[in-house]
Amino acid sequence: MSEAPSAPRTVEVPQEARDRARELGWEDGLIELALQQGHTLQEVWQALRAGVTGEQAKMYLARGARVVRPDFWWMRVPTEWGIRVRPKDPAMGLQLSDLMVGTYGDVPDVWTNRSEIARGSWPNPVVEDMGYTIFEKAIVWADCVVPLYEIAIRDRWAAATDLPWSTLEPLPTDIERAVCQFLTEQSERAYFEATMWAGWLPEISYGFLELKLFLSTVIFDLARHSEAFRKRALANGGGLGLQAPTDYNRIVKEARTFPELAAVLFVQDSMLLTLFRHGERIAQNQLERQLYALCARDRERLVEYQVERLKHFLYKMPDRREEQNLYFSKAEGRIAKEWRDPAVWEPLAILLGGGTDRIEEGRRMLLELRKAQVDDYVANLRRATFERKSLNGRLVAIFEEATAPTATA
Amino acid sequence: MAVNPSTGQGEGLDLSWLDLYDDAASATPSKKGMTLADINLGRYSAEARGAGDMTFRLRGAIPRPNAQRFGPNYQSKADVWAENCLMLYEEAVQRQWSSARDIPWETLEPLPDDIERAMCQLCTMLTEVEFIAGDVPGQWLPFVSAQDYEAGLFLMTQIMDEARHTDVFRKRALANGGGLLAQGAGLGLRTLIEARDFTEMSVLMHIQAEGFVQSMFRMGELIGKTEADKRIFRMSAQDESRHLAFGVMHLKYVLDTEPERREEIHHYLDKAEGDAAGGGSGDVTFPPVFEALCILLGGGKDKFDEGVQKFLLLRKRQVNEYLHRLEVAGLGDRRQRVGPLLRQFVEAA
Ligand SMILES: [Fe+2]
Ligand SMILES: [Fe+2]
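In order, the protein sequences belong to chains A and B. Position 383, counted from 1, in the first sequence is what the working numbering calls 383; the numbers after and before it change by one each time, with no gaps. Position 149, counted from 1, in the second sequence is what the working numbering calls 149; the numbers after and before it change by one each time, with no gaps.
To be clear, the hints were calculated from the coordinates, so they are not data collected in a lab. Take these hints with a grain of salt, some might be off.
[To be verified] Heads up, simulated DSSO-like pairs for lysine-lysine below, C-alpha to C-alpha not over 27 Å straight-line:
{"no.": "1", "chain 1": "A", "residue 1": "337", "chain 2": "A", "residue 2": "253"}
{"no.": "2", "chain 1": "B", "residue 1": "230", "chain 2": "B", "residue 2": "301"}
{"no.": "3", "chain 1": "B", "residue 1": "271", "chain 2": "A", "residue 2": "58"}
{"no.": "4", "chain 1": "A", "residue 1": "137", "chain 2": "A", "residue 2": "58"}
{"no.": "5", "chain 1": "A", "residue 1": "337", "chain 2": "A", "residue 2": "316"}
{"no.": "6", "chain 1": "A", "residue 1": "330", "chain 2": "A", "residue 2": "371"}
{"no.": "7", "chain 1": "A", "residue 1": "137", "chain 2": "A", "residue 2": "311"}
{"no.": "8", "chain 1": "A", "residue 1": "137", "chain 2": "A", "residue 2": "330"}
{"no.": "9", "chain 1": "B", "residue 1": "230", "chain 2": "A", "residue 2": "88"}
{"no.": "10", "chain 1": "B", "residue 1": "77", "chain 2": "B", "residue 2": "230"}
{"no.": "11", "chain 1": "B", "residue 1": "271", "chain 2": "B", "residue 2": "77"}
{"no.": "12", "chain 1": "A", "residue 1": "253", "chain 2": "B", "residue 2": "77"}
{"no.": "13", "chain 1": "A", "residue 1": "88", "chain 2": "B", "residue 2": "77"}
{"no.": "14", "chain 1": "A", "residue 1": "311", "chain 2": "A", "residue 2": "253"}
{"no.": "15", "chain 1": "B", "residue 1": "271", "chain 2": "B", "residue 2": "252"}
{"no.": "16", "chain 1": "A", "residue 1": "316", "chain 2": "A", "residue 2": "371"}
{"no.": "17", "chain 1": "B", "residue 1": "225", "chain 2": "A", "residue 2": "58"}
{"no.": "18", "chain 1": "B", "residue 1": "303", "chain 2": "A", "residue 2": "58"}
[As the list claims (entries may be wrong)] Only part of the chain A face toward chain B is listed, based on derived beta-carbon distances under 8 Å:
{"no.": "19", "residue": "50"}
{"no.": "20", "residue": "53"}
{"no.": "21", "residue": "54"}
{"no.": "22", "residue": "56"}
{"no.": "23", "residue": "104"}
{"no.": "24", "residue": "108"}
{"no.": "25", "residue": "112"}
{"no.": "26", "residue": "120"}
{"no.": "27", "residue": "121"}
{"no.": "28", "residue": "161"}
{"no.": "29", "residue": "174"}
{"no.": "30", "residue": "191"}
{"no.": "31", "residue": "237"}
{"no.": "32", "residue": "250"}
{"no.": "33", "residue": "339"}
{"no.": "34", "residue": "343"}
Backbone N, C-alpha and C define an ideal beta-carbon position, used for all residues, glycine too.
Extracted from the complex, chain A is given alone in its bound form:
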């Protein structure tokens, strides 16, 4: 009856099919009878999956009818029907935000389904636990992820073709190497951060779909930052320098929960946004100016998420407010330690000052930049309703030493 499959050879019936047939009361030999009548194994399998009983199968076969008897039960499941979403903003097209209607837009405070199920679809009563661990909205969610996802896609760029590679001109050796050292470090930081967010994706349940979609754009952004930094380092007579220090990255890796991960990353995400916003001062040419500006634009979305997530989290889980100080303090301390690393601060001082011979001048400028990074970070925390009463001593010390009369630096 079917022309699609090749002519029946001796068909081996899978054990799973036999087990299922037995469950449904198919007599022994009924599968073989169906096959002899010209039904394909696939059709028999469809009948078994659809729950055709032995009684029914026998009847169909006696009449020479098909064994596949669809009943289209799925057409009648009581999900919300009749949805016709339209773009609210025609310039942006059909956005995720347009989909937040009726039950489909309902992101519950606690998502209870442990299986993989599209939010808003009709749950199957018996499905495997997929092993997600994050079911509380307060832990991961921020409303801004819905629009930010689409903005990230609209604002995508390609390092290969959107940067003016042909305009690169040779730089003085010390300057070129400072660029390369700075970018070696940043390329590693971006790549590492992407892998860390990515590693947490399988933990988050389907209830928070839009958040996962947004995080996917973050991962893709960071991939491109890492890639672009590497390309720049290898394009102008330099190369890769010393790998990034590992103190800060280790605590990202060590995070035991998503809120800890987010808190630890909040510190660097904010600090790096400020750094790239000041990219004009570090950049040595047009390509770098554009590159840092693009990175800043991408990182703004990430910091917006970070701020809103923290604010929402603190509002919903006020008893966890003090705990956050522990993560912020740890991250500040590690970052301060890395800011003192010569392979971290010296390249920036050379770039800011304009050469090795002007490194002391550059160091003063770097201190101002570091101050701006810390001020912005404290302000971002404040936007999230978090008052950081006293910063980690290692971080404070960087500024105190610089102003102390005995400072040699």
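Given chain A's structure and the hints, the job is docking chain B with the ligands onto it.
Same frame as chain A, now just chain B with the ligands:
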């Protein structure tokens, strides 16, 4: 090059990091801009990869003597590598598209109720399946060594692609007077996240599951009823072809460089093909999906039997394309061992 770059915290200047460049790199852009292939030079190149590294040091960067490890990851290149990953990464970056703006949503028009319901059921299944296709590369990224940097970058593009697929099928289900319908069951999705080895995962996800999905997307002209629907399948197929290409070339790399893994890989496939559905993930035999596809392919509930015939053609196509991809990867002998539910569709080579 400084043998032991100092990274102490003395008050004076260090500057030893300035002396790490004995071999200057001056990549020049090609026709496609400055690509990963253009910077694949000298000691920075994939070919110059040395030993494994657990510190996230990027390939070609100078090690810090005091660098801490970040936990176990894959130490040998064959564990995660595919020779086309540099090219696939660049292609992925260039060919990103927007489900919001690149689908002609205005071409959607009211469809007969049975057709719209069938399309919505198919989209419900797909938006579910695409969700795990992002989680799985996410799960493995921390285990990919930064020595195999471009393989990691490629997986990051896949996460982005799958987000877009999850999103576009959800949009489609809600855009034409319908909604989501029944959750899948027994779609075999858990096998993807159960994989305990990167190659196992890649063969099951990139080659098998995404291959089956790809063969279906390629029939999108028959399945889709509006220009918007057809475009969704075309654009998604374009992305899937990269994911498949990675899987095929990864398997090829493994079989070329570690031929002793051949039986182990057959073992994973024996399990996956031996499952009742006979096809692991991307399974279209779940009754609501099967019925929805028959309605769409046949052209209505009343043409269900015609639909069944076309569905069998789809299965045939899925199975034979799958075997062909395995053959390209060097696993042509799979044809003789393919699982019983797939065997009925195998055409003579
Ligand atoms: Fe996909
Ligand atoms: Fe895919």
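Hints, verified against the model:
1. The suggested pairing of residue 337 of chain A with residue 253 of chain A holds, with an alpha-carbon distance near 17 Å, which does not exceed 27 Å.
2. For the given pair, residue 230 of chain B sits about 20 Å from residue 301 of chain B by alpha-carbon distance, which is consistent with the 27 Å threshold.
3. For the hint pairing residue 271 of chain B with residue 58 of chain A, the CA-to-CA distance comes to about 31 Å; that exceeds 27 Å, so the pair is violated.
4. As the CA atoms of residue 137 of chain A and residue 58 of chain A are separated by approximately 51 Å, the hinted pair breaks the 27 Å bound.
5. For the proposed pair residue 337 of chain A and residue 316 of chain A, the alpha carbon gap of about 33 Å is over 27 Å, so the pair is violated.
6. For the proposed pair residue 330 of chain A and residue 371 of chain A, the alpha carbon gap of about 19 Å is at most 27 Å, so the pair holds.
7. Annotation: proposed proximity of residue 137 of chain A to residue 311 of chain A holds, straight-line Cα distance about 13 Å (limit 27 Å).
8. Distance check on the hinted pair: residue 137 of chain A and residue 330 of chain A sit about 25 Å apart at the alpha-carbon level, within 27 Å; holds.
9. At roughly 23 Å between alpha-carbon atoms, residue 230 of chain B and residue 88 of chain A fall within 27 Å of each other, so this suggested pair holds.
10. Between the alpha carbons of residue 77 of chain B and residue 230 of chain B the distance comes to roughly 39 Å, so the proposed pair goes past 27 Å and is violated.
11. Restraint check: the Cα-Cα separation between residue 271 of chain B and residue 77 of chain B comes to about 26 Å, which is no more than 27 Å; the hinted pair holds.
12. The hinted pair formed by residue 253 of chain A and residue 77 of chain B meets the criterion: a straight-line CA distance of about 23 Å does not exceed 27 Å.
13. Among the hinted pairs, residue 88 of chain A with residue 77 of chain B is inconsistent with the structure: their alpha-carbon atoms are about 48 Å apart, more than 27 Å.
14. A hinted pair counts as satisfied when its Cα atoms are at most 27 Å apart, and residue 311 of chain A with residue 253 of chain A qualifies at roughly 23 Å.
15. Taken as a hint, the residue 271 of chain B and residue 252 of chain B pair is honoured in the structure, with Cα atoms around 20 Å apart against an allowance of 27 Å.
16. Restraint check for residue 316 of chain A and residue 371 of chain A: the C-alpha separation of about 32 Å exceeds 27 Å, so the hint is violated.
17. With a C-alpha separation of about 37 Å, the suggested pairing of residue 225 of chain B with residue 58 of chain A is violated against the 27 Å cut-off.
18. Between residue 303 of chain B and residue 58 of chain A, the direct Cα distance comes to roughly 24 Å. Compliance with the 27 Å bound is thereby established for this hinted pair.
19. Below 8 Å, beta-carbon pairs count as interface contacts, and residue 50 of chain A has one with chain B at about 5 Å; its hint therefore holds.
20. Of the supplied interface hints, the one on residue 53 of chain A is violated, with its beta-carbon coming no nearer than about 15 Å to a beta-carbon of chain B, more than 8 Å.
21. Using the Cβ-Cβ criterion of 8 Å, the hint placing residue 54 of chain A at the interface with chain B is not satisfied: the shortest such distance is roughly 18 Å.
22. A cut of 8 Å between beta carbons decides the hint on residue 56 of chain A: the least distance to chain B is about 14 Å, and the hint is violated.
23. At about 6 Å, the closest approach between the beta carbon of residue 104 of chain A and any beta carbon in chain B falls short of 8 Å, and the interface hint on this residue holds.
24. A hinted interface residue such as residue 108 of chain A counts as satisfied when its beta carbon comes closer than 8 Å to some beta carbon of chain B; here the least separation is about 16 Å, so the hint is violated.
25. Nearest Cβ of chain B to the Cβ of residue 112 of chain A: about 14 Å, over the 8 Å cut. The hint is violated.
26. Satisfaction of the interface hint for residue 120 of chain A is found here, the shortest Cβ-Cβ separation to chain B being roughly 5 Å, below the 8 Å cut-off.
27. Annotation: interface hint on residue 121 of chain A holds; nearest CB of chain B at approximately 4 Å, less than 8 Å.
28. For the restraint placing residue 161 of chain A at the interface with chain B, the shortest Cβ-Cβ distance is roughly 4 Å, inside the 8 Å limit, so the hint holds.
29. Checking residue 174 of chain A against chain B: minimum C-beta separation of about 6 Å stays under 8 Å; hint holds.
30. Residue-level restraint check for residue 191 of chain A holds (minimum Cβ-Cβ distance to chain B is 6 Å; threshold 8 Å).
31. With 8 Å as the threshold, the beta carbon of residue 237 of chain A comes within range of chain B, its nearest partner Cβ sitting at about 5 Å, so the hint holds.
32. Checking residue 250 of chain A against chain B: minimum C-beta separation of about 5 Å stays under 8 Å; hint holds.
33. About 10 Å separates the beta-carbon of residue 339 of chain A from the nearest beta-carbon of chain B, more than 8 Å, and the hint is not met.
34. With its C-beta approaching chain B no nearer than about 4 Å, residue 343 of chain A sits inside the 8 Å limit, and its interface hint holds.
The structure shown violates the earlier hints numbered 3, 4, 5, 10, 13, 16, 17, 20, 21, 22, 24, 25, 33.
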